[in-house]
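Those protein sequences? They're chains A and B, same order as listed. Take 1 as the starting number for the first sequence in our numbering and just add one per residue. Take 1 as the starting number for the second sequence in our numbering and just add one per residue.
In case anyone wonders, no lab produced these hints; they're calculated from the structure. Wrong hints could be hidden among the right ones.
Note that identical chains are pooled: a pair holds if it fits in a single copy or bridges any two copies.
[As the list claims (entries may be wrong)] Straight-line Cα separation of at most 20 Å, SDA-like style, residue types lysine to any residue; simulated pairs:
| no. | residue 1 | residue 2 |
| --- | --- | --- |
| 1 | Lys-327 | Ser-37 |
| 2 | Lys-55 | Ser-37 |
| 3 | Lys-73 | Ser-37 |
| 4 | Lys-55 | Leu-28 |
| 5 | Lys-227 | Gly-168 |
| 6 | Lys-227 | Thr-97 |
| 7 | Lys-73 | Phe-213 |
| 8 | Lys-291 | Ile-116 |
| 9 | Lys-291 | Asp-304 |
| 10 | Lys-291 | Ala-342 |
| 11 | Lys-73 | Arg-194 |
| 12 | Lys-115 | Pro-99 |
| 13 | Lys-33 | Ser-71 |
| 14 | Lys-327 | Glu-214 |
| 15 | Lys-80 | His-369 |
| 16 | Lys-33 | Arg-333 |
| 17 | Lys-55 | Asp-30 |
| 18 | Lys-73 | Phe-174 |
| 19 | Lys-327 | Gln-356 |
| 20 | Lys-33 | Lys-55 |
| 21 | Lys-291 | Gly-238 |
| 22 | Lys-33 | Met-241 |
Protein chains: 2
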Amino acid sequence: MPDRLARPKVTLPQRESGIASTPSHGDLSDLPKLSPSRRLRRTPFSRGVEAAGVKAYTIYNHMLLPTVFESIKADCAHLKSHVQVWDVSCERQIEVTGPDAGRLVQMITPRDVSKISNGQCMYIPVVNARGGMLNDPVLIRLAEDRYWISIASSDLLLWVDGIATALGLNVSVFEPDIHPLAVQGPKADELMARLFGPQVLDIRFFRARELTFESSSYVVARSGYSKQGGFEIYVNGGGGMALWQSLMGAGQDLHVRAGGPNLIERIEGGLLGFGNDMTADNNPYECGLEKFCQPQTVDCIGRDALLAIEKQGPQRKIRPIAIAGDKVPICDRLWPVTVGGALVGQVSSAIYAPAQQVNVAIGMIDKAHWQGGTSVVVHCQDGDRPATVNEEFWI
Amino acid sequence: MPDRLARPKVTLPQRESGIASTPSHGDLSDLPKLSPSRRLRRTPFSRGVEAAGVKAYTIYNHMLLPTVFESIKADCAHLKSHVQVWDVSCERQIEVTGPDAGRLVQMITPRDVSKISNGQCMYIPVVNARGGMLNDPVLIRLAEDRYWISIASSDLLLWVDGIATALGLNVSVFEPDIHPLAVQGPKADELMARLFGPQVLDIRFFRARELTFESSSYVVARSGYSKQGGFEIYVNGGGGMALWQSLMGAGQDLHVRAGGPNLIERIEGGLLGFGNDMTADNNPYECGLEKFCQPQTVDCIGRDALLAIEKQGPQRKIRPIAIAGDKVPICDRLWPVTVGGALVGQVSSAIYAPAQQVNVAIGMIDKAHWQGGTSVVVHCQDGDRPATVNEEFWI
């Protein structure tokens with residue numbers, strides 16, 4: 001029986017010579033094509049995204065997530081200077097409603113959520129009985145017995161509903177018809193105030209409030225998957241395109257345009273991607289999420305495993321890694337990291353960052369080598385590159 | 001609180017005039033692009049797939065699934081004449097092992113699995129407490145206390161492990177390092193016999209056996225997601241490419257080549273796609289899976305809901321639909337189906353089938369209109385087309 005906390009299988013470099021398909025992110029024409037189907041769900045904003053000239057997607061929670069409009073590089077520069085509207089409908093909500101809602105929410109996370117107030121957001125690791133990460137969602141309390149869990153890409157609803165069903169909890173667990181729209185960038189405050197009034201600026205980080213625009217009401221949170229600041233608007237399916245067009249119309253002089261989570265910016269900022277940088281093979285401590293774990297005081301699934309991990313201390317950790325040499329190809333697989341020929345870790349996300357003039361990367365590095373300044377070798381599918389483990393992310 | 005068994009939201013036609021992106025499946029150049037990342041997992045056969053000139057993918061269980069090599073039309077004709085090797089690694093396995101394995105497996109399906117024998121495969125609907133479909137996997141019993149659940153595209157592991165964890169069952173639930181390779185087509189028997197010997201031909205439909213090739217042992221089942229016959233080989237990650245190359249090498253005179261589940265052939269054959277043709281909004285009775293439901297005798301999750309649905313009878317059903325008129329665009333969203341302007345159903349999968357000289361489709365039609373021969377109108381994103389509800393699928 002496999003140990004689910006064992007090191008994921010990373011084998012030493014198998015150079016894939018003669019394989020044509022290792023495009024870099026600069027060369028969109030080499031990207032593979034996607035076969036659309038109903039199973040890869042469109043969103044209420046898809047028409048706006050298409051009209052804005054989307055160039056590529058990823059699939060996230062069985063849904064289309066736009067990744068590129070002009071180019072990853074140009075999208076990044078624009079995000080850091082202006083304001084973007086992102087179709088992040090794929091951040092699906094799990095609604096948990098009913099008398100046992102609070103109990104169920106606390107069961108699924110080692111973070112102490114007992115003091116969450118209405119309108120508060122909390123980033124919560126969700127782990128299995130072995131302490132392995134199942135998702136890293138944002139929890140929002142809408143009312144005393146009503147929560148949304150805004151999920152990363154795994155069907156966490158099945159976990160939450162499976163537990164509720166098995167235990168016969170008095171709670172309803174379902175995916176509501178809610179589609180988040182993110183407004184991100186340094187001019188996000190200005191654009192949002194034009195639609196929702198100055199009161200939107202009173203929303204503190206990771207707090208949500210119900211606001212009205214053109215007689216529709218929206219939950220608005222100060223949050224988002226970038227380091228540039230901004231908001232996430234939780235939109236009912238029906239009203240999607242009207243709000244999209246209002247934002248685009250009101251922000252013309254702010255150079256507003258469509259965007260999406262940006263690979264350069266998220267790596268520079270150290271924003272982890274579930275499924276990329278962490279999976280069920282990882283515990284929250286090695287993901288740097290120890291401040292969101294209180295297994296001493298919280299009675300949750302995975303408690304015993306987390307107590308043991310906490311006691312021993314993590315044996316490897318997420319680290320920023322600066323990869324020197326040529327621009328890296330697309331990081332579509334784990335890249336082994338070695339020191340003196342011995343495997344000491346893996347890179348899981350990487351791209352060339354023009355602002356840093358280096359390939360920025362996120363990896364998981366063994367304890368003996370995770371100190372800032374350590375020299376390592378990263379084995380990409382097209383060749384090896386010298387690299388340095390950093391202490392801090394770039395932005 | 002929404003009724004999860006209520007009709008999914010299908011609104012009447014909103015013609016999307018001026019939107020450039022309604023490509024047909026014949027025109028691959030118009031397909032959107034996919035941003036690769038580690039989260040969209042490669043497989044042990046990806047190098048072979050790339051070398052074979054894959055033209056498009058879908059994402060299935062967070063993994064790359066090739067959809068097109070030459071063209072959907074040419075791939076279909078080849079599949080019906082020769083033999084193809086499919087990288088269906090995305091049919092992930094859930095391994096359920098331990099003293100409570102049998103109990104857990106019966107809890108998750110209304111199909112009576114008490115008489116399953118070692119090496120037997122069973123197609124099992126998995127439903128939630130409301131009777132909504134969560135997945136439609138194939139169950140294989142490997143040993144008395146050891147099963148694989150070979151899943152469609154949803155993280156069913158979270159459901160199964162959530163239930164096991166909540167109840168404290170004595171069972172281990174995990175995703176093993178197993179990657180199925182399908183060998184499909186009329187010459188599949190011949191090709192498989194060349195590798196595994198004539199004993200492979202003794203495997204009956206939906207039975208599995210452990211066979212050896214070049215000193216590696218594989219679970220081989222007579223199964224697959226086509227109507228052309230063939231096998232699925234359950235491959236340990238490590239040995240993937242060697243087996244792929246052996247199959248390609250041994251079948252040259254049989255015109256073996258890479259392929260994948262074919263959209264034309266699966267619709268002609270009435271093979272449902274979870275997430276396309278059925279979701280948690282559907283119960284197994286309306287999906288035509290009543291023969292796999294024994295809620296009277298089986299004590300499973302969803303039993304009460306299924307008993308009620310069975311008593312009332314389904315109010316709508318999966319039906320083959322022949323869509324006349326121009327070739328349909330890509331069916332990337334639900335198409336409303338109307339009679340006299342009133343909504344009576346939806347189409348969820350469709351494509352032009354050269355052999356039938358008609359657009360073949362799978363839809364869900366209300367009871368009053370599901371009889372074979374009923375005339376309906378199907379509202380695609382690029383226009384309306386007359387259509388006929390059929391009694392039987394095409395092949």
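Hint check results:
Proximity of Lys-327 and Ser-37 under a CA criterion of 20 Å is satisfied inter-copy only: 16 Å between copies versus 34 Å inside one chain copy. Within a single copy, Lys-55 and Ser-37 get their C-alpha atoms as close as 18 Å, and across copies as close as 16 Å, so both meet the 20 Å cut-off. For a Cα distance limit of 20 Å, the shortest separation of Lys-73 from Ser-37 across copies, 17 Å, qualifies, whereas the shortest one inside one copy, 29 Å, does not. In this homomeric assembly, Lys-55 and Leu-28 come within 20 Å of each other (Cα to Cα) both inside a single copy, at 8 Å, and across copies, at 15 Å.
Proximity of Lys-227 and Gly-168 under a CA criterion of 20 Å is satisfied in neither setting, with 41 Å inside one chain copy and 41 Å between copies. When the C-alpha separation of Lys-227 and Thr-97 is checked against a cutoff of 20 Å, the pair qualifies neither within a copy, at 32 Å, nor between copies, at 44 Å. In this assembly of identical chains, the alpha carbons of Lys-73 and Phe-213 never lie at most 20 Å apart, being 33 Å within a copy and 49 Å across copies at closest. Taking identical chains as interchangeable, the C-alpha atoms of Lys-291 and Ile-116 lie at most 20 Å apart only when both belong to the same chain, with a minimum of 16 Å there against 47 Å between chains.
When the C-alpha separation of Lys-291 and Asp-304 is checked against a cutoff of 20 Å, the pair qualifies only within one copy, where the shortest distance is 17 Å, while the shortest distance between copies is 43 Å. Taking the shortest alpha-carbon separations for Lys-291 and Ala-342, neither the intra-copy value of 31 Å nor the inter-copy value of 55 Å comes in at or below 20 Å. Taking the closest pair of Cα atoms, Lys-73 and Arg-194 never come within 20 Å of each other, the shortest separation being 28 Å inside a single copy and 51 Å across copies. Taking CA atoms no more than 20 Å apart as the test, Lys-115 paired with Pro-99 passes inside one copy only; the shortest distance there is 17 Å, against 40 Å between copies.
When the C-alpha separation of Lys-33 and Ser-71 is checked against a cutoff of 20 Å, the pair qualifies both within a copy, at 17 Å, and between copies, at 13 Å. For the identical chains of this complex, Lys-327 and Glu-214 are neighbours neither inside a copy (47 Å) nor across copies (41 Å), given an alpha-carbon limit of 20 Å. When the C-alpha separation of Lys-80 and His-369 is checked against a cutoff of 20 Å, the pair qualifies neither within a copy, at 33 Å, nor between copies, at 55 Å. For a Cα distance limit of 20 Å, the shortest separation of Lys-33 from Arg-333 qualifies both inside one copy, at 18 Å, and across copies, at 18 Å.
In this homomeric assembly, Lys-55 and Asp-30 come within 20 Å of each other (Cα to Cα) both inside a single copy, at 12 Å, and across copies, at 11 Å. In the homo-oligomer, the alpha carbons of Lys-73 and Phe-174 never lie at most 20 Å apart, since the shortest distance is 38 Å inside one protomer and 39 Å across protomers. Taking the shortest Cα distances, Lys-327 and Gln-356 sit within 20 Å of each other inside one copy (12 Å), while across copies they are farther apart (50 Å). Taking CA atoms no more than 20 Å apart as the test, Lys-33 paired with Lys-55 passes in both settings, with 11 Å inside one copy and 7 Å between copies.
Taking identical chains as interchangeable, the C-alpha atoms of Lys-291 and Gly-238 are never at most 20 Å apart, the minima being 38 Å within one chain and 38 Å between chains. For the homomeric pair Lys-33 and Met-241, neither the shortest alpha-carbon distance inside one copy (26 Å) nor that between copies (23 Å) is at most 20 Å.
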